[in-house]
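Student: Here the sequence shown is numbered in the working numbering, starting from 32 and rising by one per residue.
Simulated from the structure, these hints should not be mistaken for laboratory data. Small disclaimer: the values here were computed from a predicted structure and weren't measured. Backbone N, C-alpha and C fix where the C-beta goes; we use that ideal spot for every residue, glycine too. Careful: at least some of the hints might be erroneous.
For lysine-lysine, the following DSBU-like pairs were computed, each having C-alpha atoms within a straight-line distance of at most 30 Å [what the hints assert, rightly or not]: (1) K454 / K54; (2) K87 / K54; (3) K130 / K166; (4) K166 / K454; (5) K454 / K130; (6) K234 / K166; (7) K234 / K87; (8) K166 / K54; (9) K130 / K234.
Ranges of calculated distance between the beta carbons of each label pair, as one might list FRET restraints [stated by the list, open to error]: (10) S258 / P78: 55 to 61 Å; (11) P78 / L263: 17 to 23 Å; (12) H125 / L371: 46 to 52 Å.
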Amino acid sequence: MSDLSLILTAAGSIFLLLFLVMKVRLHAVVSLILVSMIAGLFSGMSPEIIAATIQKGMAGTLGFVAVVVALGAMFGKVMEETGALDRIAHTLLHRFGEKNANWALTFTGFICALPLFFDVAVVLLIGIVFAVVRKGGGSVVKIGIGLLAGIASCQAFLIPAPGPILVASQLGADYGYMILFGLIAAIPAMIIGGPIWGSIISKSIHVELPQHEQIDDNQRVGKGTPSFGLALGLIALPLIMISLNTIGSRFVEKDSDLYNWLAFIGHPFTAILVACLMAFYLLGARRGVPNARIMEICGSALQPAGIIILVTGAGGVFKQVLVDSRVGTALGNYLAGSGLPIVILAFVLSAAVRVIQGSATVAMLTACGLIIPMLQPLGLDGAQLAAVTIAIGGGSIVLSHVNDSGFWLASRYLGLSEMQTLKTWTVMETIIGTVGALVAMIISLFL
């Protein structure tokens with residue numbers, strides 16, 4: 032098939048998916064798998080390859096997301112039912128005030144997401160949003176968008192977040208300039224997309240606190256309320272452990288025993304599992320809560336988590352079909368001859384791949400692979416390559432929609448319909464990506 036035919040097939044499949052989910056009201060899991068099959072057939076993939084791609088996409092996504100979401104849901108539920116999250120929320124509200132709670136959550140997400148993948152950061156921190164709403168009576172949308180904006184800005188522009196550090200290393204960008212330019216891009220993008228946009232859109236979109244998060248103080252388990260230090264320490268524990276992986280990758284000799292141990296200890300699976308076990312003991316057994324009650328809490332946490340896991344896995348199926356059908360490569364070939372300035376082209380390439388296949392990390396790496404051959408004759412220095420990296424990061428998060436796992440995480444965790452998610456989450460992501468890329472373009476004019 033021609034490059035243009037592949038691009039039109041991808042665009043048509045996205046519109047069909049939106050139609051089935053929002054107009055026909057077909058369940059998201061069914062819609063995603065059905066459209067994945069149709070997109071594969073129209074892009075010229077053979078039937079047996081389509082079936083294998085669906086299995087690959089589901090397994091590849093759930094291999095990571097299922098473990099993280101399941102363990103994170105149990106950790107969050109124990110923290111919630113024992114009052115630990117409410118203790119953090121109470122302290123944040125006391126320090127920042129109820130009116131500024133969304134600002135507090137924005138910067139919390141921005142700082143805590145540095146060593147994490149996006150999904151992990153959301154799973155670990157989303158419970159604080161619900162606790163703040165329970166304590167202060169604020170808007171789920173306003174405070175939730177604040178947290179998500181902080182996480183998304185960090186993940187798009189700052190090292191050592193996984194996506195930016197991978198692109199910067201492949202392009203040969205200067206890490207010092209990456210930190211400087213990343214902060215210059217991320218902070219205004221985060222503020223506009225988070226507290227400002229969240230405050231605006233929450234006036235027209237309101238959702239109730241999810242039923243499973245509506246906990247009465249009389250339903251708390253354990254003796255007394257956990258201290259702020261204990262509650263914060265439990266959330267910080269997996270963040271610190273995961274940071275060890277980042278440190279190991281930068282300063283320890285690869286393939287050494289220490290490197291391998293740091294990679295194991297700092298893997299999200301290990302970090303969240305240890306956090307779960309510590310929460311079971313420190314918030315449960317040590318406070319007189321029977322183990323059977325803790326396990327009952329964990330079981331109740333897995334019910335809403337199951338829907339999130341399945342929908343996210345189906346989104347991974349759609350993404351994999353688009354990747355294996357070579358749409359990203361076709362798009363790169365189509366845009367390469369456009370004559371755009373390199374920073375703008377980096378943003379457009381990354382954004383186009385993002386819209387077609389969903390994953391921000393894949394969009395970053397795909398755009399990186401497409402643009403490297405174009406960079407070689409230009410002789411750009413480390414600072415200029417850092418600006419290109421920031422532009423790629425901005426493009427990688429714009430226009431998030433139904434083929435992005437982040438879209439479904441935001442939708443299901445915050446209790447939003449698909450249309451509400453487009454109006455809140457999608458616009459937030461687009462604001463952050465566009466503002467960050469504009470900053471990169473301005474910076475490039477002075478380099």
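Student: Which of the stated hints cannot be reconciled with the structure, identified by number in ascending sequence?
Tutor: Failing hints, ascending: 7, 8, 11.
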